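Undergrad: Below are the chains, spelled out letter by letter.
Protein chains: 2
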Amino acid sequence: MTLLIKDCSMLDVVQGKVLDHMDIYIEGSKILRLGRNLNMVADEVWDGQDKFVVPGFINGHTHLGMSLLRNYADDMNLQTWLTEAIWPIEAKLNPKDIYWGSLLSMAEMIRSGATCFCDQYYAMDQVGDGALKIGMRGILTRGLIEDEKSQEKLEETRDLYKNYHGAGNGRLRVVPSPHAIYTCGTDYLKEVIAMAHDMDGVINIHMSETEKEVEDCVQDHGMTPIAYIDSLGMLDLHVIAAHCVHMTEEEMDLVKGKDFYPIYNPSSNLKLASGFTPVQKMKDKGITLGIGTDGDSSNNNQNILEEVHVGSIVNKAVNMDPKAMPAIDMVRMATIDGAKALGWADEIGSIEEGKKADLTIFNLKSASFTPRNNLISALCYSAQAEDVESVLIDGEVVMKDRVLTKIDYEGILSMVQDRMNQLLTR
Amino acid sequence: MTLLIKDCSMLDVVQGKVLDHMDIYIEGSKILRLGRNLNMVADEVWDGQDKFVVPGFINGHTHLGMSLLRNYADDMNLQTWLTEAIWPIEAKLNPKDIYWGSLLSMAEMIRSGATCFCDQYYAMDQVGDGALKIGMRGILTRGLIEDEKSQEKLEETRDLYKNYHGAGNGRLRVVPSPHAIYTCGTDYLKEVIAMAHDMDGVINIHMSETEKEVEDCVQDHGMTPIAYIDSLGMLDLHVIAAHCVHMTEEEMDLVKGKDFYPIYNPSSNLKLASGFTPVQKMKDKGITLGIGTDGDSSNNNQNILEEVHVGSIVNKAVNMDPKAMPAIDMVRMATIDGAKALGWADEIGSIEEGKKADLTIFNLKSASFTPRNNLISALCYSAQAEDVESVLIDGEVVMKDRVLTKIDYEGILSMVQDRMNQLLTR
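Those protein sequences? They're chains A and B, same order as listed. Counting from 94, one number per residue, gives the positions in the first sequence under my numbering. Counting from 94, one number per residue, gives the positions in the second sequence under my numbering.
Hints should not be assumed to be uniformly reliable.
In this list, chains with the same sequence are indistinguishable; a pair is considered to hold if it fits within one copy or across any two.
[Said to hold, decoys possible] In silico lysine-lysine, DSS-like type, Cα no more than 27 Å apart, as pairs: (1) K378 - K305; (2) K416 - K185; (3) K144 - K493; (4) K242 - K144; (5) K189 - K458; (6) K305 - K416; (7) K185 - K458; (8) K351 - K499; (9) K242 - K283; (10) K376 - K189; (11) K458 - K226; (12) K493 - K458; (13) K374 - K305; (14) K458 - K499.
These are computed hints drawn from the structure, not numbers from a lab. Here the structure is a predicted model, which means the values were calculated and not measured.
Same shape as in the complex, but just chain A:
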């Protein structure tokens, strides 16, 4: 199957430029040729006029199955929220809830332009099946919390790796994932680190999300959290580190030259009052960050465009500098830098010949992009989810003219509502 998108505006995210009148030629899952007036014959030709083609967005941190708990509990103290609202109902979720909840999140992500995710939850085979169904790319990580089932959970991660790593023409990957340093003991963390070395050398963890986590770590281990994981050898791995709200300057220096990638979750960090993540400082120190939505119970949506927008403007205020975190830096966080953070930049994150055709196509005939003064600014500051017209993942059209092609969107909505109704009676 070949597809030619003719005469579009295209984001070269590496150079930070919009290229006009571009043709994009896709063969199978890959971008084969880019250029102006390409003389290529394709099975299908799309008119790219009034379209803006950008690299599919990468949601670097989320909990897809939690969409059933969207708007279930808000405006509460963190501890009350977790112990009295979220955990009790979460414990009643069954695998099918997670399947449908994850599909809802994926539908929402595709409809707002995301093509890839890094998910941490449980019943991850269900998430994998959902991703294969809807056609999405992603990293599956089984969140590991130490308890009486610790070894079982490690086994689940091994099974997940065996059954889903590389599935869907390489669309899915599996990475070991200790939940956090405060939910795993030192020995358990070491076991997971060893497992990550046996797999692909990547690990995913919640890191320095709250002030309390940092204080407790200093008290328990005499070190700040990132110094602590370094002492366990975790920094020899590629670390996908969700949050890092309270990362210290010493820790920023410590990770220099290492494969340590914070994933910024602006809405969640603000909503839970975790704090203001020092994003500009991290960038100044040469750290590459990804960006994520976090789960629906702490955001409460999966629209990465909102994270890009909020992330930029909040950092301007924090730094008292309107030049802080400019549009292109934020857009990179959601594309090429996000790909680097996930260890996937060889295949995704930018529109380049030889890379995977993960493409998000915006309709420029919309208020957000009118007038067309600066499409990169528009992407960061004005664009709305509904401006996303079509989405390709791995060369496959998963949404065309806002209609999901591989699954019925309204069917997902009613299944999720049904499952929530059931859940409330359990």
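Given the coordinates of chain A, assemble chain B onto it according to the supplied hints.
TA: Frame of chain A; chain B shown alone:
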């Protein structure tokens, strides 16, 4: 003309509750009856199942004509941005640019659920004509900056009042509007205050937006800005005070019991790095706030739902309290409190018998509202502009199933692009 919306979910914003299975009976411009299973015959009946009817949102501060400058200049120092980018091109805008630019903003507002605005700009007759054309409600305020044309501008305000105040079945109002204390001298401010007394006792002004404004005021007048306007007698009027980012606690006490209403503009205040507006503190002091988008050159969109979302989560982080500025408080800011701020709560801001039928209808069959755990949370934290399905203003259907009824949306988009192309050659 009568319309009956049957069996909908309806927001009672005063009580902070969602009422299910409600019927809304509209006659002419007004809500005549509310209740369950109303036995009324209407010219038109709409099925309200899977719909959430809320009071039309009120955008308390904007500069509608600036949409031509959307994404024109971003990520710059405030002073450079104003003097080198915005002001030079703004000076070249002509009345027709402002007409079409304002229509674009209004289209965007309606498409994201707003039914009323408070606009400060110039060539305000054009804005009035646009509002009458598209069917929107709003307050027109001619921004007054003291210069050689000061008296001419006062005359324009008088003409505007004569020609547009009460126009469109009372949809339009006109209010005098000194731009700010740093662009108007004391005598000019006094003239505008006198004019406001001669009209309806309402005034609109930018207030304490930046730290510099406060410092300069203290230096020049030996008082903080709100103490200064009080010394001029402005607090005897109903004051619509955009921003108030740097309002002091003393000033909060000073306005107690007065008709002084800050309009919070979260995205703009953050993006321009003006600072974090102390919204929770103002609320705690008993101050009623409205909320606004500000102009497109400092936001860069007119989606009030984003302001509600950002406003809530940023204040949680500022206060280090996830209970700060909960969903219902933010939704009120965009509805009933916004109406109070504009001095219009007798007619708009809530769905009540006898009030104007300014209604925003959300489609609940959307990811944002699935599952339907808490519709008020959904409105604040999840809802997207595209979930707004239909909008009524003054009983008139101005958008049905996302299609504007009184003007061609794509026509506005192409007119604005044409005018921007021309503007760049002037």
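Undergrad: Take the hints in turn and mark each one as holding or not.
TA: Comparing the hints with the structure gives:
1. Taking identical chains as interchangeable, the C-alpha atoms of K378 and K305 lie at most 27 Å apart only when both belong to the same chain, with a minimum of 24 Å there against 30 Å between chains.
2. Proximity of K416 and K185 under a CA criterion of 27 Å is satisfied inter-copy only: 26 Å between copies versus 46 Å inside one chain copy.
3. Both within a single protomer and between protomers do K144 and K493 lie at most 27 Å apart by alpha-carbon distance, with minima of 13 Å and 26 Å respectively.
4. With identical chains, the CA atoms of K242 and K144 are never at most 27 Å apart, being 50 Å at best within one copy and 44 Å at best between copies.
5. In this assembly of identical chains, the alpha carbons of K189 and K458 lie at most 27 Å apart only when taken from different copies (21 Å versus 39 Å within one copy).
6. For a Cα distance limit of 27 Å, the shortest separation of K305 from K416 across copies, 18 Å, qualifies, whereas the shortest one inside one copy, 31 Å, does not.
7. Taking the shortest alpha-carbon separations for K185 and K458, only the inter-copy value of 25 Å comes in at or below 27 Å, while the best intra-copy value is 45 Å.
8. In this assembly of identical chains, K351 and K499 lie within 27 Å of each other by CA distance neither inside one copy nor across copies; the values are 39 Å within and 58 Å between.
9. In this assembly of identical chains, the alpha carbons of K242 and K283 lie at most 27 Å apart only when taken from the same copy (17 Å versus 74 Å across copies).
10. Neither within a single protomer nor between protomers do K376 and K189 lie at most 27 Å apart by alpha-carbon distance, with minima of 40 Å and 44 Å respectively.
11. Taking the shortest alpha-carbon separations for K458 and K226, only the inter-copy value of 21 Å comes in at or below 27 Å, while the best intra-copy value is 31 Å.
12. When the C-alpha separation of K493 and K458 is checked against a cutoff of 27 Å, the pair qualifies both within a copy, at 16 Å, and between copies, at 19 Å.
13. For the homomeric pair K374 and K305, the shortest alpha-carbon distances inside one copy (21 Å) and between copies (25 Å) are both at most 27 Å.
14. With identical chains, the CA atoms of K458 and K499 are at most 27 Å apart both within one copy (26 Å) and between copies (19 Å).
Checked against the numbered hints listed earlier, the structure breaks hints 4, 8 and 10; every other hint is satisfied.
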